[in-house]
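**Q** Construct the entire structure; sequences and hints are all you get.
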Amino acid sequence: MAFLTLTAIAKRFGQNTVVHGFDLAVERGEFISLLGPSGCGKTTVLRMIAGFETPSAGTIMIDGRDVTYKRPAERNVGMVFQAYALFPNMNVADNIAFGMKVAKRPKAEIDARVTEMLELISLPDLAARYPYQLSGGQQQRVALARALAVKPQVLLLDEPLSALDAKIRVSLREEIRALQRELGITTIFVTHDQEEALSMSDRVVVMHQGRVEQIGTPHAIYNTPKTRFAASFVGTLNMLDAEIKDASAGLIIVEGQTLRIANGTPGAPNGSRCTVALRPEALAIGPARPGDNVLSCTIEDVQFLGAIVRVKARCGAHILSVDTFNQAGQPAWARGDQVEIHFAPEHLVVLD
Amino acid sequence: MRESRIGAWIAFGIGALYFILPLIATFEFSLRMKRGEYSFEAYRVVFADPRFQASFTYSVGQALATIFVGIALVVPTAYWVRLRAPQFRPIVEFITLLPLVIPAIVIVFGYLRIFNSSSLIPLTDTNLGTDALLMFGYVTLALPYLYRAVDTGLQAIDVRTLTESAESLGANAFTILTRVILPNIRPALLSGAFLTFAIVIGEFTFAALLNRPAFGPYLQLLGANRAYEPSALAIMAFLVTWACMGLMQLASRGLRLPTTDTR
Ligand SMILES: Nc1ncnc2c1ncn2[C@@H]1O[C@H](COP(=O)(O)OP(=O)(O)OP(=O)(O)O)[C@@H](O)[C@H]1O
Ligand SMILES: [Mg+2]
Numbered sequence: 002m003a004f005l006t007l008t009a010i011a012k013r014f015g016q017n018t019v020v021h022g023f024d025l026a027v028e029r030g031e032f033i034s035l036l037g038p039s040g041c042g043k044t045t046v047l048r049m050i051a052g053f054e055t056p057s058a059g060t061i062m063i064d065g066r067d068v069t070y071k072r073p074a075e076r077n078v079g080m081v082f083q084a085y086a087l088f089p090n091m092n093v094a095d096n097i098a099f100g101m102k103v104a105k106r107p108k109a110e111i112d113a114r115v116t117e118m119l120e121l122i123s124l125p126d127l128a129a130r131y132p133y134q135l136s137g138g139q140q141q142r143v144a145l146a147r148a149l150a151v152k153p154q155v156l157l158l159d160e161p162l163s164a165l166d167a168k169i170r171v172s173l174r175e176e177i178r179a180l181q182r183e184l185g186i187t188t189i190f191v192t193h194d195q196e197e198a199l200s201m202s203d204r205v206v207v208m209h210q211g212r213v214e215q216i217g218t219p220h221a222i223y224n225t226p227k228t229r230f231a232a233s234f235v236g237t238l239n240m241l242d243a244e245i246k247d248a249s250a251g252l253i254i255v256e257g258q259t260l261r262i263a264n265g266t267p268g269a270p271n272g273s274r275c276t277v278a279l280r281p282e283a284l285a286i287g288p289a290r291p292g293d294n295v296l297s298c299t300i301e302d303v304q305f306l307g308a309i310v311r312v313k314a315r316c317g318a319h320i321l322s323v324d325t326f327n328q329a330g331q332p333a334w335a336r337g338d339q340v341e342i343h344f345a346p347e348h349l350v351v352l353d
Numbered sequence: 017m018r019e020s021r022i023g024a025w026i027a028f029g030i031g032a033l034y035f036i037l038p039l040i041a042t043f044e045f046s047l048r049m050k051r052g053e054y055s056f057e058a059y060r061v062v063f064a065d066p067r068f069q070a071s072f073t074y075s076v077g078q079a080l081a082t083i084f085v086g087i088a089l090v091v092p093t094a095y096w097v098r099l100r101a102p103q104f105r106p107i108v109e110f111i112t113l114l115p116l117v118i119p120a121i122v123i124v125f126g127y128l129r130i131f132n133s134s135s136l137i138p139l140t141d142t143n144l145g146t147d148a149l150l151m152f153g154y155v156t157l158a159l160p161y162l163y164r165a166v167d168t169g170l171q172a173i174d175v176r177t178l179t180e181s182a183e184s185l186g187a188n189a190f191t192i193l194t195r196v197i198l199p200n201i202r203p204a205l206l207s208g209a210f211l212t213f214a215i216v217i218g219e220f221t222f223a224a225l226l227n228r229p230a231f232g233p234y235l236q237l238l239g240a241n242r243a244y245e246p247s248a249l250a251i252m253a254f255l256v257t258w259a260c261m262g263l264m265q266l267a268s269r270g271l272r273l274p275t276t277d278t279r
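Chains as they are written, first to last, in this note's numbering: chain A, 2 to 353; chain B, 17 to 279.
Bear in mind the hints are in silico, worked out from the structure with no lab data behind them.
Yeah, the Cβ is synthetic: ideal placement off N, Cα and C, and Gly gets one too.
A few of these clues could be false.
Some chain B residues near chain A, calculated using beta-carbon distances under 8 Å [unchecked claim]:
#1 31
#2 181
#3 187
Cβ-Cβ distance ranges computed for the label pairs, FRET-style [claimed, not checked]:
#4 55/A x 172/B: 37 to 43 Å
#5 266/B x 133/A: 16 to 22 Å
#6 117/A x 171/B: 53 to 59 Å
#7 172/B x 11/A: 33 to 39 Å
#8 11/A x 96/B: 23 to 29 Å
#9 29/A x 96/B: 44 to 50 Å
#10 264/A x 188/B: 26 to 32 Å
#11 212/A x 261/B: 54 to 60 Å
#12 255/B x 55/A: 53 to 59 Å
#13 28/B x 15/A: 28 to 34 Å
**A** Here it is in structure tokens:
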């Protein structure tokens with residue numbers, strides 16, 4: 002049995018159902034990200050785990066205990082919000098101590114724990130500062146320390162980095178991940194930033210319109226997306242309309258050119274249509290290796306991005322995006338050039 | 017541009033005269049108790065009057081009790097409406113505005129009907145009961161101001177996020193209100209409190225009709241029977257009110273906690 006399980010969770014606000022049949026099993030110590038576009042219900046799921054919303058259906062179990070209808074204060078779940086969550090009337094030390102004071106811990110224990118937490122977030126000198134005297138990144142670290150000080154069983158973070166600027170965002174996410182590993186705390190992290198989700202998580206939950214689209218490791222989510230939405234939301238993607246030529250042999254036709262699929266043959270009859278996806282970085286221009294798929298295209302545009310050259314190539318009605326590394330001796334492609342784009346059959350993903 | 021500036025100054029001058037002249041005249045008059053010289057004799061007489069001391073003390077007590085009960089009533093209500101029942105907001109705002117619309121004399125007659133000696137809750141049977149009734153009446157009078165002050169204070173902080181942070185750290189509603197919400201709306205509370213104080217100190221209708229020895233009826237009594245002392249009292253009442261307003265300013269400026277905005 003997993004440490005934290007959500008079973009068939011649904012949430013309705015009036016007539017509006019914003020979360021449908023949500024299932025998730027999180028192992029102890031795992032770092033899970035909920036990833037999806039704005040309004041897909043990430044925050045709502047997190048708030049149900051924290052106890053700020055009650056599910057309209059389904060159950061939530063933490064460590065074998067049913068907490069579905071428990072109040073937030075009874076759940077032992079820590080929460081870090083997007084911003085503005087530190088108590089403005091208390092200094093850093095009092096903020097961190099709040100949960101333990103509420104629990105009436107002895108003063109010596111509180112003081113020791115506050116010092117320990119300040120060390121942990123590498124802000125040992127800021128105990129006496131007030132929130133308004135801290136930078137946004139420092140505030141979020143204190144918020145993290147405050148949530149962790151009471152030793153919660155589960156840590157929830159709702160876009161804790163989105164109010165910060167890009168540089169701090171990257172360094173703080175590495176810090177959060179390192180801290181999470183050190184403490185081994187089960188963590189759910191909400192974000193709409195795919196880079197954040199992919200770089201930090203053990204597993205990513207891709208959400209769309211209140212439903213789980215796909216749950217998997219960052220590697221699996223990126224390389225073998227299961228649905229059209231998961232494929233298009235995570236990373237850039239070329240999507241091609243295809244006709245199934247021979248399902249058993251894994252042959253499809255795109256723009257009159259026959260391609261071979263290595264894994265996941267379409268479960269539809271010959272002659273029907275399907276959608277296949279290709280990552281830009283899986284494509285290459287030039288002489289094909291044996292066994293590769295080949296598409297003849299015309300170059301529409303070439304963008305030089307330094308280490309990467311991004312080529313837009315037209316293939317019938319489709320425009321393919323091709324990312325190649327900038328290598329010496331590579332021909333300088335120009336608009337209107339006829340080229341052959343090739344890729345291994347494994348890179349063709351058939352979408353549901 | 018110049019003309020409009022001059023017009024503005026004239027308007028301001030007229031307004032100032034309208035406001036200040038009577039005040040100066042009153043002050044001047046209050047100094048003339050002793051024939052042929054200016055003196056603070058009228059003030060001395062007033063301060064020496066035991067009824068002044070008694071009624072002023074009584075009203076200060078009433079004001080403090082009103083502030084305490086008013087805050088205990090208004091803060092949880094405004095907090096609850098903001099956090100859990102925003103749909104009731106218009107209704108609550110309407111109710112808190114009613115005391116401005118309904119004349120005090122109507123309110124007090126209503127109270128007397130409900131709480132008289134032959135009613136279910138005969139508050140007017142004892143002095144203490146009547147004091148309590150008067151205090152509740154003052155809470156009603158102060159409601160529009162107190163509610164707005166508190167609500168504005170709540171608007172300035174992120175009530176939901178602060179509440180939920182505290183909740184997930186194990187705090188109950190009482191702890192959240194007293195340790196998180198109240199300290200962060202202190203400036204608003206203080207300005208509401210001073211406003212309440214000023215209202216209660218000068219109130220006449222309730223105290224007179226309930227026949228309690230408050231400062232308002234004393235003012236009226238003195239005004240009807242004496243010449244110089246009422247002027248001295250009026251000036252003192254002004255000073256108390258202005259002190260309250262000054263403290264309100266201080267409260268909302270000096271004690272305001274800097275915002276935590278870091279975006
Ligand atoms: N209290 C509420 N009452 C009514 N509708 C709500 C409420 N809270 C959320 N919703 C709706 O539920 C949907 C999901 O909201 P939610 O905040 O979970 O999205 P999100 O994925 O966190 O989005 P974002 O990335 O913008 O934060 C939205 O359409 C929102 O309008
Ligand atoms: Mg959200």
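**Q** So, for every hint listed, does it hold in this structure?
**A** Structure-based check of each hint:
The restraint placing residue 31/B at the interface with chain A is violated, with a minimum CB-CB distance near 39 Å, outside the 8 Å limit. Below 8 Å, beta-carbon pairs count as interface contacts, and residue 181/B has one with chain A at about 5 Å; its hint therefore holds. The beta carbon of residue 187/B is positioned within 8 Å of a beta carbon in chain A (closest approach about 5 Å), and the interface hint is therefore held. Checking the proposed 37 to 43 Å range against residue 55/A and residue 172/B shows it is violated: the Cβ atoms sit about 29 Å from each other.
At about 20 Å, the beta-carbon gap between residue 266/B and residue 133/A stays in the expected band of 16 to 22 Å. Between residue 117/A and residue 171/B the C-beta distance comes to about 37 Å, which lies outside the given range of 53 to 59 Å. Look at residue 172/B against residue 11/A: about 36 Å separates their beta carbons, and that is inside 33 to 39 Å. One distance hint, 23 to 29 Å for the beta-carbon pair residue 11/A and residue 96/B, holds here, with the actual separation near 28 Å.
About 38 Å separates the C-beta atoms of residue 29/A and residue 96/B, a value inconsistent with the hinted range of 44 to 50 Å. About 55 Å separates the C-beta atoms of residue 264/A and residue 188/B, a value inconsistent with the hinted range of 26 to 32 Å. A hinted range of 54 to 60 Å for the beta carbons of residue 212/A and residue 261/B is consistent with their spacing of about 58 Å. Checked against the hint of 53 to 59 Å, the C-beta distance between residue 255/B and residue 55/A comes to roughly 55 Å, which is consistent with it.
Remark: the range hint 28 to 34 Å for residue 28/B to residue 15/A is contradicted by a beta-carbon distance near 54 Å.
The structure fails hints 1, 4, 6, 9, 10, 13 (numbered hints given earlier, in ascending order).
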